[in-house]
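Engineer: Each chain, written out:
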Amino acid sequence: MGAVNFGYGISAARGMDLDRNDLGPAREIADEVPEFRACIACGGCTATCTAGNLTSFNFRMVHTLVRRGEYAGAYREMNKCMLCGKCRLVCPRGINTRGVVMQIKRKLGDY
Amino acid sequence: MDGLTFYSGFVVPFIVGTSVLFAVIVYKYVRWFARLPRRDKLSVRRGMFSGATVAAAWECLMESLLHRRIWRVNPALGYMHTSFALGWFLLIAVGWIETVAYLGGRFVPLQGHIFFKYFTTELQHGPRWGVNFEAVMDLLLLYVLSGVALALFKRLRSRAMGMRRTTQLRMGDRVAMASLWFIFPMRLLAESFTSGIHGSGGFLTGGLGGVLATVVPAGVMPIAELGAWWGYSIALGVFFVSMPFSRYMHIFTEIPLIFLRRWGVRGEVGREKSFDHFQLEACSRCGICIDPCQMQRDGGMTGVQSVYFIRDRRYNRLSRRMADSCMACGRCEAKCPVGLELDTLRVGSRYTLNNTPSNDRWAYARGGNGRSDIAGASLPSETAQVGYFAGCMTLLSPRILRAMESVFAAAGEDVWWADREGGVCCGRPMKLAGEVDAARDMMKLNEELFRRHGITTLVTSCPICLRVFREDYSLRGIEVLHHSEYFQRLVAGGRISLKAGSERLTYHDPCELGRGCGIYDEPREVLRAVGELAEPSETREEALCCGSSIAGNAIGGVAQTLMGRAVGRAFEATGASCVVTACPLCKKALARGTELPVLDLAEVVERHLMTAADSK
Chain A
1 MGAVNFGYGI SAARGMDLDR NDLGPAREIA DEVPEFRACI ACGGCTATCT AGNLTSFNFR
61 MVHTLVRRGE YAGAYREMNK CMLCGKCRLV CPRGINTRGV VMQIKRKLGD Y
Chain B
1 MDGLTFYSGF VVPFIVGTSV LFAVIVYKYV RWFARLPRRD KLSVRRGMFS GATVAAAWEC
61 LMESLLHRRI WRVNPALGYM HTSFALGWFL LIAVGWIETV AYLGGRFVPL QGHIFFKYFT
121 TELQHGPRWG VNFEAVMDLL LLYVLSGVAL ALFKRLRSRA MGMRRTTQLR MGDRVAMASL
181 WFIFPMRLLA ESFTSGIHGS GGFLTGGLGG VLATVVPAGV MPIAELGAWW GYSIALGVFF
241 VSMPFSRYMH IFTEIPLIFL RRWGVRGEVG REKSFDHFQL EACSRCGICI DPCQMQRDGG
301 MTGVQSVYFI RDRRYNRLSR RMADSCMACG RCEAKCPVGL ELDTLRVGSR YTLNNTPSND
361 RWAYARGGNG RSDIAGASLP SETAQVGYFA GCMTLLSPRI LRAMESVFAA AGEDVWWADR
421 EGGVCCGRPM KLAGEVDAAR DMMKLNEELF RRHGITTLVT SCPICLRVFR EDYSLRGIEV
481 LHHSEYFQRL VAGGRISLKA GSERLTYHDP CELGRGCGIY DEPREVLRAV GELAEPSETR
541 EEALCCGSSI AGNAIGGVAQ TLMGRAVGRA FEATGASCVV TACPLCKKAL ARGTELPVLD
601 LAEVVERHLM TAADSK
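One line per chain: the protein sequences are A and B, in this order.
Under our numbering, the first residue of the first sequence is numbered 1, with each subsequent residue one higher.
Under our numbering, the first residue of the second sequence is numbered 1, with each subsequent residue one higher.
If you're looking for bench data, these hints aren't it; they were derived computationally from the structure.
All residues carry an ideal CB built from backbone N, CA and C; glycine is no exception.
One thing to keep in mind: the hints can contain errors.
[What the hints assert, rightly or not] Simulated coverage check for chain A against chain B, where a stretch passes if three residues somewhere in it have a Cβ under 8 Å from a Cβ of chain B:
# : stretch
1 : 74-82
2 : 96-103
[What the hints assert, rightly or not] From the derived model, a few chain B residues whose C-beta atoms are all more than 10 Å from chain A:
# : residue
3 : R170
4 : I255
5 : A365
Excised from the complex, chain A in its bound form:
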């Protein structure tokens, strides 16, 4: 009889070194979609996400990591997006989220 699994666990220790991360691509993305800089990471995009309803896809996590220069896996993750555009409608900062998705897919394919 093991313990009941509630879905919680201990994450591996990890840290971000913003001095070492290459923020170039993140800046390029923000230059293409300038309002992306106004993101408050509220998570409205993730809450309403059509793809997120079907699988463990978290747009807020992806774009927050991208803004900090953590690009690994962002492209693969981003390909789960269906581009339906709901996140753009709920975004309280009026960010062109679909534009952000397209930019991540175009600029971060190599990471």
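Let chain A serve as the given structure and place chain B on it in line with the hints.
Structural biologist: Showing chain B alone in chain A's frame:
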């Protein structure tokens, strides 16, 4: 025989220009045609010996020569284009007849027709066949010159010609345009000098020739004459050489375009194809597409309109920003005098720039454990004949969902809700972004879902879904209806009754529903049953876009808001107390742009449902 030689040194630039022009045109057309898919070639073969050919010839006359569609949009611009096209054509055609009238069936080389006045000074002047050809030719020249004057005026003052903006030009266009403007004044000058020396010519060339003969010393006249003919020939030569590489390629290309279109050849949504070349080079860059564009008019986004997109794509300088900066609302397409498939061309370029292999990226949407249904989707119903696909945007608008529920209940409809608990997007946003392969896979998921549930009717509230269901899905045996069509049928069939009211409503045509699917009357019919309908100034085929189109990936929040407000003002001007639309995305976009309440058609129907208590 008559001692006419039809040769002089100055004809060389003209001969060279004409040869280059025809060589390039034949090369281009043959190459483009050869690369058409087999299906298109078959359809050409079938269409060639049918009424379509006659219709195409008629359309060529009406459009390539008379420019009827430009007249409809802007009469001043129509006059300018017609004076060039028809005027020049008649100069050539009547010139040919003139040659035959004077010289009979004798062979005359090409330059003999074009420089007829210069080579035939020894001939007896005066009317032939009872026609004063000199006067007729002068009149035609005057007609073309009036067009040239208007073109100059338009470059200086586009506003006075009823255009807020005219197109910016490329270098090749400048060369071609300058030489084009020189052609007819040079011809006037050359013919006038010749007429002045020989005392011939009609009212225009003869008159001007007389004046020149008195002003210019007699010794200088022959030199000036030859100089003017050289100038005329060089202007023609330069124009002909630059023509296939400039926007003036449209003069000839519109003709094969019209024929191919009449024979059933079309652009393919979501792909570039060889037929696109005919469309790209048939664009005269008249700039009529600029003014209807709301991104230009209200959103402050200039230089990305269809005319610029076509220019950049034609010269292989297309940027992603250019390809993406379009709402695909279809307003420019509705106005294009050449009838180009502007949205199709733009989306085709997005495919080339953005498409990546799908790689089964939607595997997650299939249910686990070998189930092939969409994970978490659908309330099962074994009996329902009618399926309802809300679509992503409707799922974000609970009031529309509730209204649909009420209407279904009132009509006693047994409905299967296809995506209530979550579903896969219809695929159109993905397709419009250019990722056609991934979109195709999404469509397959939904197709399988619909087929498995054995429905015969599929209702959707979202015009974006509606359009992709109709255009891209293969749903044999399933009738796809927009909820406006469904409501209209329910009312007409007496399955629901609506209470009449006195509220003044205005209706917004969603782009995908109106221009996209041609549905204008059904929602209006429903609205007229419940209130008074006030139309905004631009409506139906000319309706404004809400500004938040799903195709606009590169349009920022500011531009969207500006466009939304402009649309809002247009609705407020109608004096209506409520804006009704039939698209959940438009509803959200419009609500940001106006103080008026914005309702979906479903909500209006729900509010006016006649209940048992009402009918007593």
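Engineer: Now tell me, hint by hint, if it's right for this structure.
Structural biologist: Now the hints, each set against the structure:
| no. | hint | in the structure |
| --- | --- | --- |
| 1 | 74-82 | holds (count 3) |
| 2 | 96-103 | holds (count 4) |
| 3 | R170 | holds (26 Å) |
| 4 | I255 | holds (39 Å) |
| 5 | A365 | violated (5 Å) |
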